[in-house]
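*Asks:* Each chain, written out:
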Amino acid sequence: MSDLRNQVMWNRLISIVEEQALTLVRTAFSTSVREAGDLSAGVFDLDGHMIAQAVTGTPGHVNTMAAAVGNFIADIGRDNIFEGDAYVTNHPWKGTGHLHDFTVVTPTFRAGTPIGFFACTAHVLDVGGSGYGPDAGDIYEEGLLVPIMKFIERGEVNRDLVNIVHHNVRESNQVVGDLYSLAACNETGMRRLDTMLDEFGIDDLEAIAAFVFDRTRTATLDALHRLPTGTYTSSMQVDGYNETVTLVVTLHVSDQGVHADFTGTSPTCPFGINVPLVYAQAYLTYAMLVALAPGMPNNHASLEPFTVSAPEGCILNARHPDPVSVRHVIGHFVTDLCLGAIAEALPDIVPAEGSGALWNFHVSARASETGSSLPPVEILMFNSGGTGARPTLDGLSATAFPSGVRTMSVEATEQVGPIVIWRKELRPGSGGDGRHRGGLGQVIELGPTEGYHFDFSCMFDRVANPARGRQGGGDGAAGGVHLDDGTPFNAKGRQRVPAGRRLVLELPGGGGFGDPDERDPADVERDHDQGYLA
Amino acid sequence: MRIGADIGGTFTDIVLENSEGMFSTKVLTTHDAPERGVLDGISQVVDEAHADLAGLTSFIHGTTLATNALINRTGAHTAFVTTAGFRDVVEMRTESRFEQYDLNLVLPAPLIERRDRHVLDERIAADGTVLRSFDEAEALALARHLAEGTDEGPYEAVAVGFMHAYRNGDHERRIREVLTGHLPGASISISSEVAPQMREFERFNTVCANAYLQPLMAGYLHRLEEQLHAAGASCPVYLIHSGGGLISVESAANFPVRLVESGPAGGAIFAAHLADRHGLDNVLSYDMGGTTAKICLIEDQTPRTAKTFEVARTHRFTKGSGMPIAIPVIEMIEIGAGGGSIAGVDALGQIRVGPQSAGSEPGPAAYQLGGTDPTVSDANLALGRLSVDTFGASSIELSTEAAATALLSGVGAHLGVDATEAAIGVTEVVDENMANAARVHAVENGKDVSRFTMIAFGGGAPLHASRLCDKLDIEAILIPPGAGVGSAIGFLRAPFAYEAVRSHYAPMHGFNHDRANRLLSDLEDEAGSFVREALGERAGEPAGTELEVERWAYMRYAGQGWEIPVALDQDPFDGSGHLHLTKRFEAAYSEFFGRPIEGLDIEAVGWAVKVTTPRPVVERIGHTAARRDVAGIRSRPIHDTTTGSTVEAAVVERDVLEPGDRVIGPAVIVEPQTTTWLTTDRQAVLQADGCLRVTRLDVDP
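Protein chains in written order, with the numbering used here: chain A, 1 to 534; chain B, 535 to 1235.
So here's chain A without its partners, still in its complex pose (with noise of 0.2 Å):
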């Protein structure tokens, strides 16, 4: 019966990653942490391999930080880990692909001898520089880049690392007490993993990591046979910033995984858009088991045969010390432009294109007036257009897609900062046509309240190349974004909305699935009675 103990442990491995995962969900000041679901949480073995991930709103974090802790383990050394350290990090190539994100590590002991670690990740409210935003040039005037050292030392808080913090961003206390929590969610995985080894009998991982990893293999390998080995290719085309960008993918499939290269991408450009190749993998690794491995637990074994490979100074494949701030927004893509290239071997599973990137907003209100003592307010808010009709079913309307994360409440948006929103429903007419229809975007209109003006930072996509629709299904509605007096507005870069003016954000609607006079007249005269169509 040691299958069956091997699978109590696997499946309390899981339960204790997602224990780690919540204590960071409840601790946590950043609100892509709190709100949205923008973190990660592992626990791995010597080796530094994966072995089981909470799953959290965010698949770009999938093999970021299962490949960072191998970072860390390189660079801090194995002969300088002690009992009560943990290591951080926020290098976008060495951890999770921008400076927002703060990866910590934590060597967990048992009787003296250390027998593997835990790992998370959170998006923290600011890194300095010039804020969160696709402005910056490169990564130095993105913010402050904290490589991979000591945050604690056999239980000493580094006071110069958290003095360095405190003096290099805005919101200092918070984005501190985010680090203290990312170290303490990894004591809380700890503490219950030592829990478990008691009840097991048991005093190291190797074991049941091999059980995992043996078993995941297995089924990896056995659910990805449902595509037929050869050679796939895709291209697609996204806004980029004020330049036109095409991602283009060959996978190569063999019975030992799939190996995705972005050769004939368009190359990196001057604004934070950049996407480190990491990342890109993230997305990649997504497509592949979204779609055919549905249910897979993440881990070292389902994550390694999925590999990718860019030339250098493409936009999926950017360098130090490329921008790569808001590296979603294209990252995001990745995952259709995955799916599109197995679309013709499996045209049963796969989706058309959906709105992708989020349609995330940072706005900074400041005072109208000079000399006036409202304070200035940071806003984040999240949101999402349609995504693709898929093979059997409509797209769903204004639902995140490849990302997982959620939106914030309205209400408790205006509580928080001088920001009125008028307005966020369903975009009606905007699913593109199909046997199956598009799911719908939404409209979104705010405005200052008085006596604020806003700073608004966009970084909005599909507004000139809306989501195409698969096998005959039209397009999904472009995007929009203009002042509510029909100003344009760039989709992306920071502009300012004037006092008393309102900004209309119009979310790109997802593409249809199969030809529109296929469609069931039943759910086109639901369409039309619930007002979903224009």
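Quick caveat, the hints were computed from the structure, so don't treat them as lab data. Note that beta-carbon positions come from the ideal geometry of N, C-alpha and C, so glycine has one too. The reader is advised that the hints may include incorrect statements.
[Said to hold, decoys possible] If you want the footprint, here are the derived chain A segments under chain B, 3+ residues with CB under 8 Å:
1) 165 to 179
2) 211 to 220
3) 384 to 392
With chain A's structure known, arrange chain B on it following the hints.
*Replies:* Using the frame of chain A, we list chain B on its own:
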């Protein structure tokens, strides 16, 4: 003489308590007219007690009817009126997918369809001031339009939810006035009364649910009342609400959303009462039935409460797949782990159990009623924990062969193991699922369950409690008499109580203590009026019953998104109120997360006041030590997952045990409604009140 009646999905449990003792029965729930089953059950227990319904002093009722109407969408034809620009809040939900790895995900449909959602051009700001005023003419036009109904017929109910109405409900009250004039037959619910809490999705959904349930529940409750009276009972009827207190039929008919999950709330009250009797400060209540297991934390004899929860989850009990309801509830975690939960093997070769349940139709394979899937009950039978000859008093005939066949084909064949090994796997997995849920629930509340005592009830719990406690590192378990109808017994122990909750943003920096005092006093008046109504006292008259008041603030550091409840004392705030609140918050925060954070602003976001009749003084009973050991009248082989071997276990009838009698594991203690399984390392001692106290053998009993 009092009667408690709990309508569940499968069974209706009736408990009668009088000076002679307690009489109980289980009858099948009559879904077409639930009051019929209730009255049948009542006549059974009344006959058994040789009593007369005329002597009934109170009838206390809890029901899954409201929950089921939300799950099965059988409520009224309802319109929703909301602020212009926010027509789709209840459809857009949180804009996320509750299951991240499913391309074919289907989100739950909104309770009120888009065509039945209407808007009014009005707007209240976050601070309660008016941004766009209420236009009488537009309201009138809307009311006329709604009065026309739709091609599905006239609207039977209208829900109203305006932005920031928790702060200022003026516009909601005005539209209600207009609507009442034009839709005289429709019941109207407004969000500022039903659920004055911030966060539009939760509040709107709650008011929609209330309106949707109102015609159905009001009709049912009044029918039940009439039939009870016709049967000779002249006593008042009370409903147990989601928060575990009693309210009048009238209040329940106005706020039916407060009846959601009232049965499980009764179970928690049952456990709290036992905790009181045994003087236990830290209790984990564990209620396992046919379909689900419910786990609730009870500290200082008080079940933990929350101000929102999720009902009607559509997908494996996954968080986010149901609809949020913003009302005070007894907080518990419910997972798909019951006797009828179906087991299978997934693509990874892992055994999975639940959440699908075989229910009573077709039932577990062993019932031989047509079910062929292996269930948890089949596994218990195959391992010898349940037995063909001691399975309940029911007419169901169990088949060990049918259970083994199902386990082999549904699990064993996929893994290359025999039926026994498959059964071991199934019970271990379901126990592990429950243990993980309990652990996560505890951490969500900042608790470590290993210091808790478990109280186990519901038909399935006594079978699984010992192993569950191994996994949770819990030392002691209480298994009460009447475990099978625990929730209905709990109804008889519930106080008259009501909790009023309101969102109000109050930073400690610049704290306005007068406002906070006014708000708390308003909430106390509101909650008190419900309690007094149930007690039959009139507004304006001096209070006849001494009531207890609990006051809470929901607080956080500025910038956090999750508030923790902070208990307040009875004194109004003075000029240093913010210092007092800060101190209490920091202590509560430390309990949750280890330490407070320096240098950050603190704010209160929500406020709650609970008014309740005093908890009846429960006679504490001392701990009864073991006086003599009782051996089984016979024995049978049972597989013990704790030791991993099959052992010869004693079989003991529970009703032959006297206080102080000890049974040493491995053993099963059998009774009509359930079976207690003592693993090899456990012992049970019967206490003075009939509870079995189960501990590890190495602990002094």
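*Asks:* Report holds or violated for chain B covering the stretch 384 to 392 of chain A, Cβ cut-off 8 Å, minimum 3 residues.
*Replies:* Coverage by chain B holds for the stretch 384 to 392 of chain A (3 residues, Cβ < 8 Å).
*Asks:* How does the coverage statement for the stretch 165 to 179 of chain A fare against chain B, requiring three or more residues with Cβ below 8 Å from a Cβ of that chain?
*Replies:* holds (count 4)
*Asks:* Can you take a look at whether the stretch 211 to 220 of chain A is actually covered by chain B? Rule is 3+ residues, C-beta closer than 8 Å.
*Replies:* The restraint on the stretch 211 to 220 of chain A holds, since 3 of its residues have a Cβ under 8 Å from chain B and three suffice.
No hint from the list above goes unmet by this structure.
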